[in-house]
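**Student:** Sequence:
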Amino acid sequence: MSDHRRPRIVRLIPAQDHCVVEYCRRSGVTLAEQKKLLALLGKRAALHELRSNSPPRAPRFR
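For the sequence shown, my numbering begins at 3 and goes up steadily by one.
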């Protein structure tokens, strides 16, 4: 029987553990913008830095 009141241990991703190239590929950032982000942030960056420095996402039309 499991105790549902016991808190789960959640493994948090460290702040500097996000790959800039992977983020750009997932979010649809152009190659030129990807190069700018790599020059600005390096290969790995915090997620809040990636989101604040990347261009706005393109709208997805149905």
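Calculated from the structure, these hints are not laboratory results.
Glycine included, C-beta positions come from ideal geometry on N, C-alpha and C.
You may find that some hints are simply not true.
[What the hints assert, rightly or not] Cβ-Cβ distance ranges computed for the label pairs, FRET-style:
| id | residue 1 | residue 2 | range |
| --- | --- | --- | --- |
| 1 | Ala41 | Asp19 | 18 to 26 Å |
| 2 | Gly44 | Ile11 | 38 to 46 Å |
| 3 | Arg10 | Leu49 | 17 to 25 Å |
**Student:** If you check each hint against the structure, which ones fail?
**Tutor:** 2
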